[in-house]
Amino acid sequence: MLKYITKRIIIFIPMLVAISLLAFIINISAPGDPVEKLSNSADKEGAANEQSNATKKVKQELRKKLGLDLPVFYFSFGSMSDCDTLYRVEDKAHAKTLNELSHNYGNWVNISDYFRKLGEVQLAHSSLSLEEIHANLKDKNGNAIYSKNEINDVITQSSFDVSAMMETANPAVLNAKWEQLDNLYNTYPFFGEIKPAFVIAKEKYQFMLDNKESWKTYIPTIIWYGSGNQYHFWLFGNGKDRHGIIRGDFGFSYIDSQPISEKIWSRVWISFTFTIISVLLAYLISIPLGIYSAYRKDSIFDRISSIIVFILYSMPSFFIGVLLLYTFANPDMLRWFPVSGIQDATLFDPEWSNWEKLKHRAPFFILPLVTYVYSSFAFLSRIMRVGVIDVFGQDYIRTARAKGLGEGKVVMKHALRNSLLPIITVFANIFPLAVGGSIIIETIFTIPGLGLEIFNSILNSDYPMIIAVFTIIGFLTMIGYLISDILYAIVDPRISYK
Amino acid sequence: MEQNNFSFKKYAWNQFKKNKPALYSLYILITLILIAVFAPFIANDQPLYAKYKGESVYPAFATLTDPNVRKSFTDVETGKIEELQYDITDWRQLDLESVVWAPIPYSPDKGDRYNREYVSPFGKQRIKNANNEIVEAPRRLRHIMGTDNIGRDLASGLIHGTRISLLVGIVAMGIASIIGVFLGAMAGFFGDRNLYLPRIKYYFTILGVFLGLFYGFGVRKYTISNAFENGSSGSWELLLSLLLIVVIIVGLRFISRFLMFGKLKEEVNVPIDTFVSRGIEILNSIPRLILIITISAIFTRSIWLIMTIIGLTSWTGIARFTRAEFLRLRELEFVQAAKSLGYSNFRAIVKHALPNALAPVFVSIAFGIASAILIESSLSFLGIGVPDDMVTWGSLLNLGRQEFEAWWLVMFPGFAIFITITIYNLIGEGLRDALDPRLKS
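Respectively, the protein sequence lines represent chains A and B. 477 is the number that my numbering gives to position 477 of the first sequence; each next residue is one higher, with no gaps. Add 498 to the 1-based position in the second sequence for my numbering, that's all there is to it.
Worth double-checking, as some hints may not be accurate.
What the hints assert, rightly or not - Taking lysine to aspartate or glutamate pairs in the EDC-like style, the calculated list, with each CA pair at most 16 Å apart, reads:
id	chain 1	residue 1	chain 2	residue 2
1	A	K65	A	E36
2	B	K719	A	E36
3	B	K719	A	D82
4	A	K7	B	E735
Stated by the list, open to error - Here's a subset of chain B near chain A, in silico, CB distances under 7 Å, partners left out:
id	residue
5	L639
6	T721
7	S783
These aren't lab readings, by the way, just hints derived from the structure by calculation. All C-beta atoms in this analysis are idealised placements derived from N, C-alpha and C, irrespective of residue type, glycine included.
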């Protein structure tokens with residue numbers, strides 16, 4: 001048995017790695033740039049496109065805090081054309097463009113030359129002064145040639161176009177932009193140093209096209225980065241301000257930039273209480289029911305209960321939940337229970353004793369609890385019934401009866417204990433079911449637990465939150481499987497002889 | 499005499515027929531499939547046949563091939579020409595000489611502006627007639643199951659939602675059974691000790707998988723993503739990539755034939771059963787519903803994405819059953835005979851073992867479809883599964899949740915989901931009893 005348990009624990013490790021990898025892959029492929037989202041939520045007042053030095057510095061620090069300045073994984077499997085230091089590029093959109101360019105043309109040195117020059121063109125826009133241009137450009141009579149509005153529009157247009165060029169690798173789009181900007185710079189004389197920089201950038205672009213090394217794309221390479229990577233960082237932290245998910249650090253919420261772990265732990269206990277109570281209740285109801293209908297197999301009670309359980313089994317829990325709401329919390333039907341939440345904010349007093357709190361909350365708990373219990377109950381009692389029927393056919397039951405044991409002892413001592421075996425293994429299945437179901441049930445009844453939290457994060461595209469919940473539930477599920485497997489081995493000695 | 503004509507299929511069908519609930523479920527399923535296939539003719543706001551200003555037209559059929567079909571009608575008395583675009587015309591307002599409506603004369607996605615704000619099936623329903631008066635709707639044009647907040651017809655939504663529900667089940671389980679049967683058959687047939695490959699072939703196969711992924715997806719990633727962004731050729735490019743992967747793997751295996759010498763020729767054991775079993779264990783321990791919710795929350799919502807994820811995560815049951823069957827079958831005489839006759843492993847698997855191993859797979863598929871439909875409707879119910887403009891049973895039920903008055907938005911879609919899941923479960927049970935004679939003791 002010890003051997004089995006050791007083996008089981010050893011298998012547990014690759015499972016943990018698998019789920020952490022899965023969560024990480026989803027994490028890094030979520031759309032949008034986390035730095036932009038977090039810095040936007042940090043100060044909503046500042047203009048988003050204002051790239052002042054201060055905001056730039058804040059963003060750099062943020063990148064470092066999130067570990068985004070690191071390569072993605074321990075190693076990368078890509079083509080020879082890929083740049084191995086691409087992760088240092090700050091802007092996610094720029095990094096994507098660079099990656100596509102290097103994928104298309106393969107000559108990284110020329111590409112980075114071109115891109116750097118384009119960046120200089122973009123930067124040079126900030127050196128243009130609207131007032132100066134307006135004051136300096138006069139015709140013979142001393143009137144300004146261009147209105148301030150026109151100058152402003154043209155500069156914005158040019159800056160916008162250059163930014164757009166930095167975010168595309170499509171040759172058709174790029175060619176159109178080159179031509180458009182060429183015309184713009186030839187028409188308006190006030191672009192000063194932008195124009196020569198632009199001409200050089202264009203030459204570099206042409207040079208890049210002429211010297212392309214597309215063959216590099218077809219040579220596979222593996223690059224080793226070591227432990228300084230995003231996955232390692234995400235998992236273990238950096239030993240300073242970030243602790244990694246194994247120590248409960250899940251990053252920051254996009255909505256208010258607060259640490260996610262704090263938000264989650266305040267919600268977990270509600271969901272957890274509901275799950276545990278409901279699973280216990282489901283076991284308490286389904287075990288006697290399963291035994292009785294198996295003992296009286298094919299009796300009227302068994303038939304009717306089987307049909308009811310079968311119907312319940314096919315009934316989606318959200319349908320049951322909504323039906324319960326309709327019937328028992330509806331002013332037009334029966335107003336027995338409150339519609340939503342776990343307490344009435346107008347009545348609830350935090351000073352109350354625990355008993356009073358419970359008394360106040362009890363009516364709020366009943367409908368969700370019924371829905372919770374029902375979703376595992378139908379499943380459990382079906383399994384229980386089949387299990388008991390199976391056990392009743394075994395030899396040791398016949399032996400027990402032949403020994404002259406009382407019927408009660410046969411059922412309670414011999415049959416019950418053995419038929420509990422399958423139901424233990426099922427515990428691991430019930431657990432994720434209950435947690436997953438909690439999203440639906442908590443949303444229907446507006447219970448402020450983990451499920452409602454994940455639902456709200458989905459509506460608000462708060463990806464770090466979603467991924468954190470996914471990771472936690474994944475880990476909990478696996479621990480549930482581990483515990484139930486070990487329990488099974490302890491309860492059933494036969495398993496170790498396999 | 500009878501023994502000679504014994505056919506397992508016939509026997510199983512007879513057994514299945516004896517199970518009345520399963521048999522009736524099968525009939526209901528066939529009805530549902532017919533409803534899904536003919537949905538545009540069962541629920542459509544364009545008439546099947548209409549005679550307008552002396553001309554006979556078939557709008558529901560015409561828009562099927564060309565959604566933007568137009569036609570000009572000339573008034574015989576005034577000579578005025580009226581051009582109608584079929585799909586945006588409100589045919590109910592026209593002064594039609596004769597008309598054959600679809601059984602449910604509404605489309606699922608178009609709101610009826612005279613019956614907004616949750617009109618009950620038994621309540622007062624209005625319609626605008628040819629004289630521009632708003633009157634009580636005639637019986638034929640009533641919303642028999644009521645409407646939602648923007649006046650969409652519930653009955654029509656249910657009819658068209660049938661398509662999505664059935665499609666989800668079939669596509670998801672199609673993917674799952676391809677993966678599950680393949681892996682389960684390999685694991686069960688070869689086990690841990692029976693698959694021997696020359697070392698070079700083994701290494702080259704692994705190399706082929708890596709190179710295939712590299713050339714199929716790595717090199718072509720921008721080709722594929724651009725094709726998806728620009729239009730419809732994306733799936734074609736994807737298919738091409740998959741084909742490329744297969745070609746590379748097969749090609750490398752072929753090359754390995756010419757490198758058979760010395761140590762490279764030695765045969766090594768491939769513990770394929772361990773690989774598959776561990777894979778199943780890992781995948782089983784991932785909470786499926788949460789995974790699907792997470793992925794559909796983060797990526798662009800699409801019904802195809804959901805079907806694919808459900809398919810990719812639910813093959814484990816099928817693989818387990820197939821593996822168990824193959825473990826049993828490979829020891830039986832007819833498979834041994836096929837082997838000893840010198841047939842290739844491929845032939846022994848596909849022609850001899852597989853047809854006999856499919857029974858539990860069918861059972862598993864039936865239950866799997868039920869759970870796929872349940873997952874899809876749960877997601878739609880939460881409003882995170884399908885795009886907002888798509889009408890599914892779950893999304894209809896979600897509308898009802900927000901409005902206590904509108905009981906019809908809860909009851910009808912809820913029962914539709916319930917019945918579909920029930921019939922699949924009943925068919926699954928019927929199949930299990932019919933196909934597995936061991937249970938019939």
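These are the hints, each one checked on the structure:
1. A:K65 / A:E36: Holds, at roughly 13 Å.
2. B:K719 / A:E36: Between K719 (chain B) and E36 (chain A) the Cα gap is close to 26 Å, so the pair fails against 16 Å, i.e. violated.
3. B:K719 / A:D82: Satisfied, since the Cα-Cα distance of roughly 13 Å is no more than 16 Å.
4. A:K7 / B:E735: violated (44 Å)
5. L639: Violated. Min distance 28 Å.
6. T721: Given a least distance of 10 Å, the restraint on T721 (chain B) is violated.
7. S783: Interface hint status for S783 (chain B): holds (5 Å vs cutoff 7 Å).
The structure fails to meet hints 2, 4, 5 and 6 from the earlier list, while all remaining hints are met.
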